[in-house]
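Enquirer: The listed protein sequences derive, respectively, from chains G and B. FYI, in the numbering used here the residues of the first sequence are 1 to 203. FYI, in the numbering used here the residues of the second sequence are 1 to 132.
Everything labelled a hint here was simulated from the structure, so no lab data went into it. In this text, all values refer to a predicted model and were calculated from it rather than measured experimentally. Some hints here could point you the wrong way.
Straight line, CA to CA, 25 Å or less: simulated BS3-like cross-link-like pairs of lysine-lysine [stated by the list, open to error]:
hint: 1; chain 1: B; residue 1: Lys7; chain 2: B; residue 2: Lys121
hint: 2; chain 1: B; residue 1: Lys7; chain 2: G; residue 2: Lys199
hint: 3; chain 1: B; residue 1: Lys15; chain 2: G; residue 2: Lys8
hint: 4; chain 1: B; residue 1: Lys82; chain 2: B; residue 2: Lys118
hint: 5; chain 1: G; residue 1: Lys8; chain 2: G; residue 2: Lys43
hint: 6; chain 1: B; residue 1: Lys7; chain 2: B; residue 2: Lys122
hint: 7; chain 1: B; residue 1: Lys105; chain 2: B; residue 2: Lys7
hint: 8; chain 1: B; residue 1: Lys7; chain 2: G; residue 2: Lys8
hint: 9; chain 1: G; residue 1: Lys43; chain 2: G; residue 2: Lys177
hint: 10; chain 1: G; residue 1: Lys94; chain 2: G; residue 2: Lys190
hint: 11; chain 1: B; residue 1: Lys82; chain 2: B; residue 2: Lys105
hint: 12; chain 1: B; residue 1: Lys7; chain 2: G; residue 2: Lys194
hint: 13; chain 1: B; residue 1: Lys122; chain 2: G; residue 2: Lys8
hint: 14; chain 1: B; residue 1: Lys105; chain 2: B; residue 2: Lys118
hint: 15; chain 1: B; residue 1: Lys15; chain 2: B; residue 2: Lys121
Spelled out, the chains give:
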Amino acid sequence: MAFIDFSKREIQCKIVYYGPGRGGKTTNLLYIHKAMTENVRGKMVSIDTKGDRTLFFDFLPLSLGSIHNMSIKIQLYTVPGQVMYNASRKLVLKGVDGVVFVADSLRVRRANNLESLANLEENLRGENLDMTRIPLVLQYNKRDLADGEIPLMTVEELDEDLNSQLHVPSFPGSAIKGTGVFETLREISKITVKQVHEKLLKR
Amino acid sequence: MDLVLSKRDIEEMYKCISENLVREGADCVLLIDRAANLIVNCGNPMTLDVVSLAALSAANFGATAEIARIIGEEEFSLLFHKGRHENIHFTSVGENYILITLFGKDVSLGLIRLKVEKTIKKLQEILQRVES
Ligand SMILES: Nc1nc2c(ncn2[C@@H]2O[C@H](COP(=O)(O)OP(=O)(O)OP(=O)(O)O)[C@@H](O)[C@H]2O)c(=O)[nH]1
Ligand SMILES: [Mg+2]
Numbered sequence: 001m002a003f004i005d006f007s008k009r010e011i012q013c014k015i016v017y018y019g020p021g022r023g024g025k026t027t028n029l030l031y032i033h034k035a036m037t038e039n040v041r042g043k044m045v046s047i048d049t050k051g052d053r054t055l056f057f058d059f060l061p062l063s064l065g066s067i068h069n070m071s072i073k074i075q076l077y078t079v080p081g082q083v084m085y086n087a088s089r090k091l092v093l094k095g096v097d098g099v100v101f102v103a104d105s106l107r108v109r110r111a112n113n114l115e116s117l118a119n120l121e122e123n124l125r126g127e128n129l130d131m132t133r134i135p136l137v138l139q140y141n142k143r144d145l146a147d148g149e150i151p152l153m154t155v156e157e158l159d160e161d162l163n164s165q166l167h168v169p170s171f172p173g174s175a176i177k178g179t180g181v182f183e184t185l186r187e188i189s190k191i192t193v194k195q196v197h198e199k200l201l202k203r
Numbered sequence: 001m002d003l004v005l006s007k008r009d010i011e012e013m014y015k016c017i018s019e020n021l022v023r024e025g026a027d028c029v030l031l032i033d034r035a036a037n038l039i040v041n042c043g044n045p046m047t048l049d050v051v052s053l054a055a056l057s058a059a060n061f062g063a064t065a066e067i068a069r070i071i072g073e074e075e076f077s078l079l080f081h082k083g084r085h086e087n088i089h090f091t092s093v094g095e096n097y098i099l100i101t102l103f104g105k106d107v108s109l110g111l112i113r114l115k116v117e118k119t120i121k122k123l124q125e126i127l128q129r130v131e132s
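Using the sequences and the hints, build the whole thing.
Expert: Quick look at the structure:
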């Protein structure tokens, strides 16, 4: 649910980081928060998480400059990835304008990625949104582990599993090191704002 | 459900909130949508982190509505938290919006509820007009 305020000449939209538990959604937001200066980002809010699992959501507001003389305000959210928290995921998805799907490259998480993507499609449908139409970007996270002992899916395999139908932009990344984090954010912001702009201002 | 508001719409809502609630003693009043977009921000919010407040309130309201559903209620249309110095009152404005009113211990809840009701009626008129 984008909101355009002509008194402030401001566009507000909501981007949700989705994906399986432990995939790296919160780590993406933490990195963005750490790397951005204070005039660009607001305060990050994480709802009391015992340990590092998200129970409800993380929230980070950003001001991303302006286009067409309108300033852009983006609110980033993460959902809890654990399967049992679907009610919370549905709440966080309310009014979503764009989605980043953070996939876990670990081979053992293959089924979790597929299950989470199917769950995203279903929950979007619950909001009357179509996964093939909503701005969506994939991030294949934890590529920093590629040289280690733990078996990873290749980027091609991840593409085949998750993106063979969707054909959306995808980025390999490492949220913990920060690689791919801003590429992902830049792309999702660009296509989300573009869609909001087209939908709301050119009618 | 997207929302586009002109300067005039915003000013009209601001005026309505300011006359009905802030003038009656509310410290700060926010109108947000259920996606936590901050639509109108009125009163004395300078020292407040209104963006976080909006995000948490929308989530809180959504979570409470879900709790209501689980126990077989349609929705709790009103939420109220009482603090030592400051109170906060949440009311739904139609299906898509939430009005958040902060007021101090010297202002009565009864008065706030009365004024909130009046404000919501007027806000709904405006919102219905801009949505159509
Ligand atoms: N090696 C490596 N570890 C990562 C990376 N991203 C996240 N992690 C680690 O993976 C674990 C889970 O990361 P989170 O960001 O909490 O995952 P999440 O997706 O928010 O998980 P939920 O909140 O349960 O849905 C943490 O221990 C992170 O440090 C990465 O790029 N590389
Ligand atoms: Mg998390």
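Enquirer: All the hints need checking, so say for each whether the structure fits it.
Expert: Outcome of the hint check:
A hinted pair counts as satisfied when its Cα atoms are at most 25 Å apart, and Lys7(B) with Lys121(B) qualifies at roughly 20 Å. Taken as a hint, the Lys7(B) and Lys199(G) pair is honoured in the structure, with Cα atoms around 20 Å apart against an allowance of 25 Å. About 16 Å separates the Cα atoms of Lys15(B) and Lys8(G), which keeps this hinted pair within 25 Å; it holds. Straight-line distance between C-alpha atoms of Lys82(B) and Lys118(B) comes to about 22 Å, which keeps the hinted pair within the 25 Å bound.
Under the criterion of a C-alpha separation no larger than 25 Å, the hint pairing Lys8(G) with Lys43(G) is consistent with the structure, at around 21 Å. Between Lys7(B) and Lys122(B) the CA atoms are separated by roughly 17 Å; this keeps the pair inside 25 Å, and the hint holds. Between the alpha carbons of Lys105(B) and Lys7(B) the distance comes to roughly 34 Å, so the proposed pair goes past 25 Å and is violated. The hinted pair formed by Lys7(B) and Lys8(G) meets the criterion: a straight-line CA distance of about 8 Å does not exceed 25 Å.
Of the supplied pair hints, the one linking Lys43(G) and Lys177(G) holds, its CA atoms being roughly 21 Å apart against a limit of 25 Å. For the hint pairing Lys94(G) with Lys190(G), the CA-to-CA distance comes to about 21 Å; that is within 25 Å, so the pair holds. Between the alpha carbons of Lys82(B) and Lys105(B) the distance comes to roughly 9 Å, so the proposed pair stays at or under 25 Å and holds. Between Lys7(B) and Lys194(G) the CA atoms are separated by roughly 22 Å; this keeps the pair inside 25 Å, and the hint holds.
Taking the CA atoms of Lys122(B) and Lys8(G), the gap is near 22 Å; set against the 25 Å cutoff, the hint holds. With a C-alpha separation of about 21 Å, the suggested pairing of Lys105(B) with Lys118(B) holds against the 25 Å cut-off. For the hint linking Lys15(B) to Lys121(B), the alpha-carbon distance of about 14 Å falls within 25 Å, and the restraint holds.
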